[in-house]
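Construct the entire structure; sequences and hints are all you get.
Respectively, the protein sequence lines represent chains A and B. Using this note's numbering, the first residue of the first sequence is number 177, and each one after it goes up by one. Using this note's numbering, the first residue of the second sequence is number 6, and each one after it goes up by one.
The reader is advised that the hints may include incorrect statements.
Said to hold, decoys possible - Estimated spans, in silico, between C-beta atoms of each pair: (1) A:Val246 with B:Tyr30: 32 to 40 Å; (2) A:Thr305 with B:Met38: 22 to 30 Å; (3) A:Arg476 with B:Val173: 53 to 61 Å; (4) A:Ile366 with B:Gln86: 24 to 32 Å; (5) A:Glu291 with B:Gln86: 26 to 34 Å; (6) A:His365 with B:Leu113: 41 to 49 Å; (7) A:Gly231 with B:Met38: 51 to 59 Å; (8) B:Leu113 with A:Thr305: 20 to 28 Å; (9) A:Gly231 with B:Gln86: 25 to 33 Å; (10) B:Gln86 with A:Asp448: 53 to 61 Å; (11) A:Lys184 with B:Met38: 53 to 61 Å; (12) B:Val173 with A:Ile366: 37 to 45 Å; (13) A:Val246 with B:Ile178: 31 to 39 Å.
Read the hints as simulated data drawn from the structure, not as lab findings. In this text the structure is predicted, and so the values were computed from the model without any measurement. All C-beta atoms in this analysis are idealised placements derived from N, C-alpha and C, irrespective of residue type, glycine included.
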Amino acid sequence: MIEAKNLKKWYGTNCAVNDVSFDVKKGEVLGFLGPNGAGKSTTMRMITGFLHLDGGSVRIGEHSIEDEPVAAKAMMGYLPENAPLYGDVSVEGFLGYIAKLRGLRGQDHKGAVAEAIETCSLESVRHKTIQTLSKGYRHRTCFAQSILHDPDVLIMDEPTDGLDPNQKYEMRNLIKRMGERKAIIISTHILEEVDAICTRVIVINNGELVADGLPSELRERSKIAGAVTMTIARQPFEKISQRLKDMTEVDKVVCLDQENGVCRVRAFPADDVDDLAGKLHGAVAQSGWALTELRTEQGRLDDVFREITSSEEGEEK
Amino acid sequence: MTAIRNIRAVTAKELYCYFASPVAYVFFIIFLMLMGFFTFMWGNFFEQGEATLSSFFIWHPWLYLFLVPAMAMRLWSEEQQTGTIELLFTLPIKPWHAIAGKYVAGSLFLGLALVLTFPMVISINILGNPDNGIVLTGYFGSFLTAAAFLAIGCLTSALTRNQVISFVIAVVICLLAILCGFPPVTDAVLDLEVAWININTLVDFIAGFSVVPHFQTMQRGVVDVRDVLYFLSVIVFSLFATGIVLRSKRSI
Ligand SMILES: Nc1ncnc2c1ncn2[C@@H]1O[C@H](COP(=O)(O)OP(=O)(O)OP(=O)(O)O)[C@@H](O)[C@H]1O
Ligand SMILES: [Mg+2]
Chain A
177 MIEAKNLKKW YGTNCAVNDV SFDVKKGEVL GFLGPNGAGK STTMRMITGF
227 LHLDGGSVRI GEHSIEDEPV AAKAMMGYLP ENAPLYGDVS VEGFLGYIAK
277 LRGLRGQDHK GAVAEAIETC SLESVRHKTI QTLSKGYRHR TCFAQSILHD
327 PDVLIMDEPT DGLDPNQKYE MRNLIKRMGE RKAIIISTHI LEEVDAICTR
377 VIVINNGELV ADGLPSELRE RSKIAGAVTM TIARQPFEKI SQRLKDMTEV
427 DKVVCLDQEN GVCRVRAFPA DDVDDLAGKL HGAVAQSGWA LTELRTEQGR
477 LDDVFREITS SEEGEEK
Chain B
6 MTAIRNIRAV TAKELYCYFA SPVAYVFFII FLMLMGFFTF MWGNFFEQGE
56 ATLSSFFIWH PWLYLFLVPA MAMRLWSEEQ QTGTIELLFT LPIKPWHAIA
106 GKYVAGSLFL GLALVLTFPM VISINILGNP DNGIVLTGYF GSFLTAAAFL
156 AIGCLTSALT RNQVISFVIA VVICLLAILC GFPPVTDAVL DLEVAWININ
206 TLVDFIAGFS VVPHFQTMQR GVVDVRDVLY FLSVIVFSLF ATGIVLRSKR
256 SI
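As structure tokens, then:
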């Protein structure tokens, strides 16, 4: 549905986006990650046809955004960063206006506005002037605007920014549900969100694409992926460490914390070892220790994120 | 067809926004008050002893000089300031639909302000026996002057996201458009002795760019195609330039 090839954008002499390519199919939710100023919003602005491309190409469905902007834009819904809105009009008036410019008429127009208001739980503020709304409601109004015409492609820049926990939860479910029938791109700084809704992740740093894959693949890049965390009662760390290091499957053991005689340790597997947890469990049972926690780490996205994005920066300097 | 529908939607929304905020009411009140003040206090409306609106129309360009840029400054500056331009230009419409829609809304608004000066027409009809055809062409010329200034304001508001800067630039351009054909100024220039150039032709040429002479012929009851073309070309040029400016901003 979305096909971005070698996107390039210059701001003066500063290259904001450099050679970024990806595509998104129907049924995929692609997450954009990257530190502040990485170029996520700039990339989205190019895909939606707001900014002209300095290089590369974008296709939405069959349509090139450069050659057939109107047809391409008709297929897209866009939630810009910071949810810009017209302050002087009511929520309903605003949605009605956008729906009209989306080409919805008569019954379709009414239905679309009503449905968007319901989906985004805007009933209580539908007649209020947008200026007087709280940030979360404003964000939801702008979100409602992006799904009015039930587009095949949805581009959302930080869709859960400013929402309360309940609304965040609902928004994620909504995006996930819509993701089954649409091609969606979201950008976010909340890494749990990636786990919750994205089927694929892209990491952008300094305008360049530095990672592209499934969330699980990305997580596996983490140093602690595959390590086992255990909590053992009434044993000093030295003793535990001694015992575990004797095992050939264990590469190294670190102490996470030790308090009130309860010790949390993390054991890292040697190369090509799987089911370390099972083996450790056996060893612990043999020693007759009281095991209160045993868990294989999946790896954490924030570790991977920090690694990818800060090492790149370090190299440059 | 879609073009007309889109333009109409933008126009309706812009007009709604004028009247939803105090802008419209403040504008109307100030416009009508200043109009009355200038006409009666300085225009010798009563002393002239004839039933015409010439002492009324003569002030119009000067009032428009400040009032039109003041209402035009938000047209595009505000969209850029709040970022709603990002919404507008990712909708499936052509940029010129939005430009035309906003422009039409602004000119309807100015037209309405002019219509509200109808008591003037009524009073001269009571006081005397005016030629209402001349009154009508005068109104037509006044509207075209306002429309030309509006287009200039449109262009300057596309240039910057700062409404104050947009206002100041628009006032300067409109002032030049008045002054370069304003008799006291052109006379002063004619008095200068410049040997190396035919000053008369030069002044005439520059005065041709001014709104004043074009408006004046209409105040005398003459609607010349050349005058109408002059106003139309200012409008079309400015709106076209607005489109180019907005486009170039998206491809910096
Ligand atoms: N209008 C502009 N003029 C000049 N430079 C710009 C402009 N907009 C963005 N930039 C620059 O382009 C780079 C990328 O900005 P962008 O907004 O895409 O970052 P981002 O990844 O969305 O960051 P954030 O997480 O803070 O939203 C930044 O270095 C920014 O300073
Ligand atoms: Mg951003």
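Comparing the hints with the structure gives:
{"no.": "1", "hint": "A:Val246 with B:Tyr30: 32 to 40 Å", "in the structure": "holds, 37 Å"}
{"no.": "2", "hint": "A:Thr305 with B:Met38: 22 to 30 Å", "in the structure": "holds, 29 Å"}
{"no.": "3", "hint": "A:Arg476 with B:Val173: 53 to 61 Å", "in the structure": "holds, 54 Å"}
{"no.": "4", "hint": "A:Ile366 with B:Gln86: 24 to 32 Å", "in the structure": "holds, 28 Å"}
{"no.": "5", "hint": "A:Glu291 with B:Gln86: 26 to 34 Å", "in the structure": "holds, 31 Å"}
{"no.": "6", "hint": "A:His365 with B:Leu113: 41 to 49 Å", "in the structure": "holds, 45 Å"}
{"no.": "7", "hint": "A:Gly231 with B:Met38: 51 to 59 Å", "in the structure": "holds, 56 Å"}
{"no.": "8", "hint": "B:Leu113 with A:Thr305: 20 to 28 Å", "in the structure": "holds, 23 Å"}
{"no.": "9", "hint": "A:Gly231 with B:Gln86: 25 to 33 Å", "in the structure": "holds, 29 Å"}
{"no.": "10", "hint": "B:Gln86 with A:Asp448: 53 to 61 Å", "in the structure": "holds, 59 Å"}
{"no.": "11", "hint": "A:Lys184 with B:Met38: 53 to 61 Å", "in the structure": "holds, 55 Å"}
{"no.": "12", "hint": "B:Val173 with A:Ile366: 37 to 45 Å", "in the structure": "holds, 43 Å"}
{"no.": "13", "hint": "A:Val246 with B:Ile178: 31 to 39 Å", "in the structure": "holds, 33 Å"}
In this structure, none of the earlier numbered hints is contradicted; all agree with it.
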